Structure formats: C-alpha cells, structure tokens
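Reminder that position 13 of the sequence shown reads as 13 in the UniProt record's numbering, one-by-one numbering, no gaps.
DEER-style ranges, computed between Cβ atoms:
{"hint": "1", "residue 1": "G175", "residue 2": "S154", "range": "33 to 41 Å"}
{"hint": "2", "residue 1": "G77", "residue 2": "P3", "range": "34 to 42 Å"}
{"hint": "3", "residue 1": "R155", "residue 2": "G67", "range": "34 to 42 Å"}
{"hint": "4", "residue 1": "A188", "residue 2": "P121", "range": "40 to 48 Å"}
{"hint": "5", "residue 1": "G67", "residue 2": "R164", "range": "31 to 39 Å"}
{"hint": "6", "residue 1": "P2", "residue 2": "A188", "range": "40 to 48 Å"}
{"hint": "7", "residue 1": "P3", "residue 2": "R172", "range": "15 to 23 Å"}
What the hints contain is simulated information worked out from the structure, not anything from laboratory work.
Here the structure is a predicted model, which means the values were calculated and not measured.
Virtual Cβ for every residue (Gly too), placed ideally from N, Cα, C.
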Amino acid sequence: MPPIPASDITLGILAGGRASRLGGVDKAWLQRDGLAQVERWRRRFADGTGAILISANRHLERYERIGLHVVADRSAGDLGPLAGLDALAAACGTPWLLTLPVDLVGVNDGLLPSLGAAAHPYGAFAVDDDGPQPLVALWPTLALRDAATHALASRELAVHPLQRRLRMLAVRLDGVRFGNLNTPQDLAAAGAVPRPSDESHA
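Please model the entire structure based on the sequences and the hints provided.
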C-alpha cells in the first residue's frame with residue numbers, strides 16, 4: 001500500500017489521566033527543556049499529520065490559548081483511556097487517528113512510517129522493548145468510533161481486547177523504549193518539572 005498522506009491522519013494526544021502517583025500534576029504541562037509535553041508532541045508530529053486533537057478533562061483553557069482543539073470525555077465517570085479514545089474518534093475528521101499518551105518520554109523517528117506501513121486496513125499499535133504499547137497506535141477512525149462506543153456501553157474498558165476485536169497489527173520496534181512520566185523518579189530521570197503554577201499541586 002502507498003504511504004498514508006499526512007492530510008489523512010489526525011494526531012490525538014491522550015492527556016486525560018489523573019496522575020495520581022504525581023499528586024495530580026497535569027502531565028500535559030510538565031516542562032522538559034522549557035517545553036511542555038503537549039507542545040513537544042505537537043511539534044514532533046506537525047509534518048506527519050494534518051490535524052491535532054487533545055483528549056483532556058481539565059485546564060481546557062490552556063490548550064485553547066495555544067490554539068489546540070481539546071475534547072473532553074463524552075462518558076461520565078473515570079473510565080480510563082478508552083473514554084479518551086472514544087472522544088478523539090468522535091471528533092476526528094480524518095480516516096486515520098494516531099494516538100499518543102502525553103506522558104511519553106520519547107519516540108523513534110520511524111514510528112509513524114512503521115505504523116502506517118502496517119495499518120491498512122485494520123490499524124496497528126507499537127511494541128517497544130518494554131512490551132505492547134496499545135495507546136501508541138494508528139487507528140482506522142470509523143472502526144474505532146464504533147468499537148469504542150460499544151465497549152463503553154458494555155463497560156469493557158481494556159484497550160488490548162478492543163484492538164484484538166479490531167484485528168490491529170502489532171509493530172515491533174527493536175531497540176526502542178518510549179518510557180513514561182509516571183513517578184517522581186521518572187520525572188527526575190527525564191529532567192521534567194511542573195509548570196510554576198502547578199507546583200502547589202505536585
């Protein structure tokens with residue numbers, strides 16, 4: 001299959017987590033080298049995608065101030081990342097949706113081409129040296145939209161079974177480790193710090 005054009009892909013950044021192990025700090029606004037995580041991923045994939053959406057449920061005005069389109073969960077309650085996938089799929093206007101957790105430490109240069117090469121027609125997710133990364137994935141938007149709606153209605157909230165039902169392919173990325181900003185130790189290792197306005201919540 002030919003490469004998927006950038007105009008057919010929306011970047012969906014998942015930023016709706018509670019960050020309970022970090023005292024509730026909003027990970028989207030953690031600063032590394034003076035750059036917020038959400039801005040880091042916007043810049044990183046600007047050339048490979050045609051649109052950007054953010055899944056978030058707080059500090060919505062921050063995203064709007066820097067020109068990002070933010071979508072909140074459509075379902076009540078804390079339903080985890082599946083609710084974010086559902087919100088992104090509902091708002092996505094392109095055939096393909098590339099999802100990334102906002103708290104990733106890094107991605108390899110070939111991520112999007114690798115996922116894109118395997119994605120037709122069912123989609124694909126990454127497997128790094130730490131194992132399957134179901135939220136680092138390229139989804140066929142319409143299929144995800146229907147499947148996420150059904151899964152939420154059935155309270156089947158795990159992402160792995162959803163991907164199996166969609167017949168998504170696993171793409172092994174040897175020598176790659178994305179990493180996550182989950183603990184104070186992770187932040188220290190990555191040189192990540194809260195925004196000054198968030199310090200009191202850390």
